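At the far end of the sequence shown sits residue 395, using this note's numbering, and the numbering has no gaps.
Derived from the structure by calculation, the hints contain no laboratory data.
A couple of the hints might just be wrong.
Stated by the list, open to error - Label-pair distances were calculated between CB atoms; the ranges are:
1) 142 <-> 295: 28 to 38 Å
2) 259 <-> 102: 40 to 50 Å
3) 303 <-> 382: 26 to 36 Å
4) 65 <-> 197: 29 to 39 Å
5) 366 <-> 256: 20 to 30 Å
6) 143 <-> 168: 25 to 35 Å
7) 161 <-> 105: 20 to 30 Å
8) 105 <-> 259: 28 to 38 Å
What the hints assert, rightly or not - Distance condition first, Cα-Cα at most 27 Å in a straight line; then the derived DSS-like pairs of lysine-lysine:
9) 365 <-> 376
10) 228 <-> 259
11) 383 <-> 342
12) 322 <-> 222
13) 259 <-> 222
14) 342 <-> 365
15) 342 <-> 259
16) 342 <-> 322
17) 322 <-> 383
18) 376 <-> 342
These figures come from a predicted structure and were not determined experimentally.
We put the CB at the ideal spot given by N, CA and C, even for glycine.
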Amino acid sequence: MAKMRVPRARPWRTCTPPLRCVRRSHDVVAISNLCVDVLVRVDELPDANPDTLARLTTDPPSTSQWEVGGNANFLIASARMGMQGCAVGCVGSDAHGCFLKDVLHEEGVRFQHVAIDVSTMESIDDVGFHQPTLVCFVLVDGCGNHRFCSAYDFGPWPLLGGRRDVPRRVRQALADTRAVYLNGFAFDELEASLLDEIMQEARRDGADLFFDIGPRAFGLEKRPAVWKENLQHAMGQADVLLLTAEEAEAFTLEREPRKAAEFLLEGEHTKWVVLKDGPNGATLYTADGQTLHQDAFHIDVVDTVGCGDSFASAIVMGYTGKHDMEATLKLANAVGAATATKHGAGRNVASFEMVNRLLYQSMGKEDEHQREVVHKALAILNKRQSAGHHPAVGA
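Please take these sequences and the hints and turn them into a complete structure.
Structure (structure tokens):
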């Protein structure tokens with residue numbers, strides 16, 4: 001497959017966000033990908049296919065096996081770090097939707113006035129809304145291996161198509177936020193033209209755009225050409241791109257991380273590219289040629305689900321707050337690592353207390369420069385914590 005080129009960057013870009021003088025109600029609005037994960041324990045992992053999905057849907061596990069997933073992971077981590085988050089997406093009036101709404105409310109995530117049925121664009125509380133909440137079944141065998149099975153994998157795409165313009169209440173949310181966050185799964189749910197309009201609207205209103213391509217970086221050769229083009233265009237619109245090292249290689253076809261980052265930095269608006277590499281830490285590449293690396297925290301990994309979503313919350317916080325870049329990367333690693341110490345995601349993602357403790361515990365293992373970076377990361381965390389609202393959960 002030939003390499004895909006993103007539109008070349010404008011020469012006047014800088015790697016730091018512009019000053020914002022307008023006070024916003026939301027720190028970040030997350031677009032789409034609101035779902036409920038349902039844990040299914042099996043002796044042997046079955047094939048993830050439409051027949052398996054139909055069987056699981058007909059006879060689902062009890063509510064004790066439910067957890068919120070998708071962008072809810074990002075929003076909960078953001079709220080716990082002190083940010084005001086807001087969700088835009090499709091949440092049904094079914095049991096899964098009620099569960100998701102209740103959890104987000106308990107976690108301090110605003111959503112009631114912007115979580116919209118993208119088919120009719122009516123409030124989720126309106127009588128007559130029958131679009132079911134998206135459910136992802138997480139199949140886990142006795143050895144801890146897992147496999148996902150959901151409509152995201154089988155279509156028809158877009159799962160929530162039918163609307164091509166941004167509704168009024170979503171426009172209001174976009175005009176009242178400092179940042180907009182979306183991931184590759186949004187293209188499974190919504191029309192590409194609608195996502196593009198959302199991104200353009202947010203940029204006109206002065207919001208910073210963050211995009212995490214996620215697993216949709218893989219299998220591009222199996223997708224229609226127009227789908228690849230739409231994804232490529234969206235990445236070029238983002239101020240900050242987040243990818244794993246494997247995702248960056250799959251998307252750019254560059255095996256060397258630096259070359260992959262340089263490729264991605266050719267995006268029209270891209271200023272930061274953050275490459276996550278699990279136990280090897282994370283590296284930040286900027287449009288003005290800086291490269292910053294932070295090692296991973298040494299922890300006993302329990303589960304990596306939700307780590308990338310949690311990591312992204314700290315990147316959004318650091319970038320929009322114009323904080324020190326090394327400290328932002330250090331904080332992001334800490335949030336991701338704290339999430340990895342617990343099973344599952346959703347309500348099990350990192351809490352402020354866990355991240356704060358992990359940063360303090362690392363002090364004795366760092367050299368003088370890194371101790372200074374940790375101090376700055378703690379300052380970012382505590383500043384947001386004192387300014388923002390968060391529930392005292394997940395300690």
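- Message: To test your reading of the hints: which numbers does this structure violate?
- Response: Of the numbered hints, 6, 8, 12, 15 and 16 do not hold.
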